[in-house]
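Chains as they are written, first to last, in numbering that gives the first Met the number 0: chain A, 0 to 195; chain B, 0 to 195.
FYI, nobody ran anything at the bench for these hints, they're computed from the structure.
Do not take every clue at face value.
Identical chains blur together in the list; that is why a pair holds if it fits in one copy or across any two.
With a straight-line cut-off of 25 Å between C-alpha atoms, the simulated SDA-like cross-links for lysine to any residue are [what the hints assert, rightly or not]:
1) 144 to 169
2) 125 to 113
3) 144 to 167
4) 147 to 92
There are 2 protein chains.
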Amino acid sequence: MSKKIITISREFGSGGRYLGEKIAERLGMDYYDKEILVKVAEKTGLSQKYIEQMGEGAPHKHKYSYSFVGRNSEGVSMGDYMDSMQREVILEVAEKSPCVIIGRCADFILRERTDVLNIFICGNDKEKTDRIMELYKLSETEAHKLMKETNKKRRVHYEYYTEQRWGEACNYSICLNSSDIGYENCIDIICKLAEN
Amino acid sequence: MSKKIITISREFGSGGRYLGEKIAERLGMDYYDKEILVKVAEKTGLSQKYIEQMGEGAPHKHKYSYSFVGRNSEGVSMGDYMDSMQREVILEVAEKSPCVIIGRCADFILRERTDVLNIFICGNDKEKTDRIMELYKLSETEAHKLMKETNKKRRVHYEYYTEQRWGEACNYSICLNSSDIGYENCIDIICKLAEN
Chain A
0 MSKKIITISR EFGSGGRYLG EKIAERLGMD YYDKEILVKV AEKTGLSQKY
50 IEQMGEGAPH KHKYSYSFVG RNSEGVSMGD YMDSMQREVI LEVAEKSPCV
100 IIGRCADFIL RERTDVLNIF ICGNDKEKTD RIMELYKLSE TEAHKLMKET
150 NKKRRVHYEY YTEQRWGEAC NYSICLNSSD IGYENCIDII CKLAEN
Chain B
0 MSKKIITISR EFGSGGRYLG EKIAERLGMD YYDKEILVKV AEKTGLSQKY
50 IEQMGEGAPH KHKYSYSFVG RNSEGVSMGD YMDSMQREVI LEVAEKSPCV
100 IIGRCADFIL RERTDVLNIF ICGNDKEKTD RIMELYKLSE TEAHKLMKET
150 NKKRRVHYEY YTEQRWGEAC NYSICLNSSD IGYENCIDII CKLAEN
């Protein structure tokens, strides 16, 4: 197995983004997280902030995206339009050079390729909450609430666009619980698999 | 992380049992798959074949297990009685010596321990079907049907007894797709994690 693309889906607070950065660094791969949004903003002329809000939120959370005013001249909702732009960007960057892509249903978008290693990173509630408290300077209650809400959004977004279940083992090559396994072990395992 | 017990949940055809045997061999651990049934048979006086049929089948598949005639003198159904006996055996063997335990909700039964590495092995339909065809000398149609039925039974059994979702990444320390990763890589990764 020689993998040129690594996609990382992750529970909020599990350190998936951090792992992605470290893996890209170690393997000398390009890294795309918010960089995808910058490219979508360039493509569409929309603000990055707006795109970010539409991003991994569930489609039905954006009450205007499915209404008449939120549709473009071809009747496509803003949510679906943004999703198709994001899809285009992901296909383009995957074609360009070896890279790590965080979230955004990249595993599903690139499913026709055979050189993709699809990862899911999860974690235990305690460790995820602690990490969110530290990173975002929140109380335990606030961090726990933000974790639940963000993971719910990610789940609904993924399941809406892929019709697969988010976090179900069979949709990924490998799933790692970063609280149980530890960040360093996760990085080692993924780099070794990608290099093999 | 130093893990004395490895539990392996697995999709039928994914090679989970084979991996478990190899891991136990390499790490010098005891290995329990059908060995659990032998011990349950000794404990209950019931035949191993009967226990096997009740095993990972869904409780509702055994139409008599919940009827009046299928209950013991305390009104406990045969399915629940067998499950409690199996639970006792799993707790006993885990206490006795380092070991690998295949299936039987061992991850859930041992959830209070901190020295357990919980694994889920899945695979792609094509590779799983091929493996079942070879191992059981079946046609592709028969193998595919057996795979679907067996995995459905395992899912329902697991979800009935644990109230957790079978094959959902967050219930395990690590999930590996043996078709993507390859058996040797799976063995290496698991042994290294258990030894660390």
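Intra- versus inter-subunit Cα pairing at 25 Å for residue 147 with residue 92: This pair counts as neither: shortest intra-copy Cα distance 31 Å, inter-copy 37 Å.
Up to 25 Å CA-CA - residue 167 versus residue 144, copy category: For residue 144 and residue 167, both the intra-copy (23 Å) and inter-copy (22 Å) Cα distances are at most 25 Å.
Up to 25 Å CA-CA - residue 113 versus residue 125, copy category: between (36 Å within a copy, 15 Å between copies)
Intra- versus inter-subunit Cα pairing at 25 Å for residue 144 with residue 169: between (28 Å within a copy, 18 Å between copies)
The structure is inconsistent with hint 4 alone, although it conforms to all the rest.
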